[in-house]
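Build out the structure end to end from the sequences listed, making use of the hints.
Protein chains in written order, with this note's numbering: chain A, 1 to 232; chain B, 233 to 464.
Be a bit skeptical, because a hint or two may be false.
[As the list claims (entries may be wrong)] Okay, the calculated bits of chain A under chain B, using three or more residues with CB under 8 angstroms as the criterion: (1) 13 to 23; (2) 48 to 60; (3) 142 to 151; (4) 211 to 222.
Please keep in mind that the hints were generated in silico from the structure rather than gathered at the bench. A virtual CB, placed ideally from N, CA and C, is assigned to each residue, including glycine.
Residues per chain are reported as follows:
Protein chains: 2
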Amino acid sequence: MYPSGFPGQDVDSKGSFVTITPVGEVLEGASRPTFFRGVATVCMKLFNIVQPTKVYFGQKDVQQTVVIRRMVTDLMIPTEVVVCPTERDPKDGLALSSRNVYLGTRRREIATVLYQSLNAAEVLYRNSETYDRETLLGAARHVAEGMRAIQSELPEEKRALFEVDYISLADPDTMMEVDQVDPEKGAVLSGAIKMLPIEKAAEGEDVGFGGGPAVRLIDNIILKPKTEYAKE
Amino acid sequence: MYPSGFPGQDVDSKGSFVTITPVGEVLEGASRPTFFRGVATVCMKLFNIVQPTKVYFGQKDVQQTVVIRRMVTDLMIPTEVVVCPTERDPKDGLALSSRNVYLGTRRREIATVLYQSLNAAEVLYRNSETYDRETLLGAARHVAEGMRAIQSELPEEKRALFEVDYISLADPDTMMEVDQVDPEKGAVLSGAIKMLPIEKAAEGEDVGFGGGPAVRLIDNIILKPKTEYAKE
Chain A
1 MYPSGFPGQD VDSKGSFVTI TPVGEVLEGA SRPTFFRGVA TVCMKLFNIV
51 QPTKVYFGQK DVQQTVVIRR MVTDLMIPTE VVVCPTERDP KDGLALSSRN
101 VYLGTRRREI ATVLYQSLNA AEVLYRNSET YDRETLLGAA RHVAEGMRAI
151 QSELPEEKRA LFEVDYISLA DPDTMMEVDQ VDPEKGAVLS GAIKMLPIEK
201 AAEGEDVGFG GGPAVRLIDN IILKPKTEYA KE
Chain B
233 MYPSGFPGQD VDSKGSFVTI TPVGEVLEGA SRPTFFRGVA TVCMKLFNIV
283 QPTKVYFGQK DVQQTVVIRR MVTDLMIPTE VVVCPTERDP KDGLALSSRN
333 VYLGTRRREI ATVLYQSLNA AEVLYRNSET YDRETLLGAA RHVAEGMRAI
383 QSELPEEKRA LFEVDYISLA DPDTMMEVDQ VDPEKGAVLS GAIKMLPIEK
433 AAEGEDVGFG GGPAVRLIDN IILKPKTEYA KE
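Now the structure itself:
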């Protein structure tokens, strides 16, 4: 995959790269400055090798789908990008992720807080004429804050603490934060939380694979153009 | 050509880019830091639109050919890069260039100094076992310096002054400067000179198109693997 040798993952690494900015620099890219450069470059190579008619990406990594769509559009790649819906636990909607095995029973239950938070904002958008950033994100933050308050008051052997990394309301084409949702265009509601390790486990408690390390989870909901909900 | 709008040519412009470093940063890229990013990006778009079996580039822009070859190799682009020999004036070997019209008669004659300089180094490489950078480049510089000395002693109404921007001896795959030519691999001898404006024109003298501005000229000669000369 690296005819000239592995170029490295530093910002100033020398090599042959595809960079898609600013979309690759925000949100997940903010804490991992060369992550989406790596994604775009390796997908470009794969597309050139396979020359696919269609390429399929999962919506859970929503920023990745926006980076790839933009790369395909801007660099005139002859393929069609198809985004597949996020697979969720049918009981409580937790987005399926290979990382979930690290959660264990207690944290698994609380981990749904991210989806619930995003859902609160979506319900407001969908069922009212609320397009204002602070109101929509306020609804999401209210759910997360409420859960955090409940957990923090529980004793260590009962609670599961978490930190909200970000909750974002962004333009679906650029992932730039928006002050208002354009109801004809919609937006991307996304978030990341860090589930902290269990502080005090009960005897024999399942704390998750690998001893239950801190687990960072991401999720998102697409706010569609308002007219599309009427059709459903 | 720019579905997301023209991204600009600044180093920190945001957009969808292909960067090929370090080859795109040296020589011609040193004074024009985003030039080869633009070349690589626009060629990537063109290749994706046309999906050509072969692409043809001229050897005169030798660094461009190395950038494109590297892009095609590293990003697995399914095309073959063909490099076509530099077209030269059959009388004196001056590389054909749209810029030559700006030279006028007097500077046109002296402009061959770049090719003559590179030739001096090639003759040495080809006909001896000289692989040392300083000796090879010394031969080239000697020719250029000699011509510069001759011109500088002529009166203003006779002379054509020039400055040597660089004379380079570089690896053919990376365009990195080499201390020794590997005779099994060869090297790229390249240079750039700036022909300064005529100081004092004679009545009715052809000083070149547009009043004879300063003209920057480039040229190069590929030093082939030594075994290949035996076959000629």
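We went through each hint and held it up to the structure:
no.: 1; hint: 13 to 23; verdict: holds (count 9)
no.: 2; hint: 48 to 60; verdict: holds (count 3)
no.: 3; hint: 142 to 151; verdict: violated (count 0)
no.: 4; hint: 211 to 222; verdict: violated (count 0)
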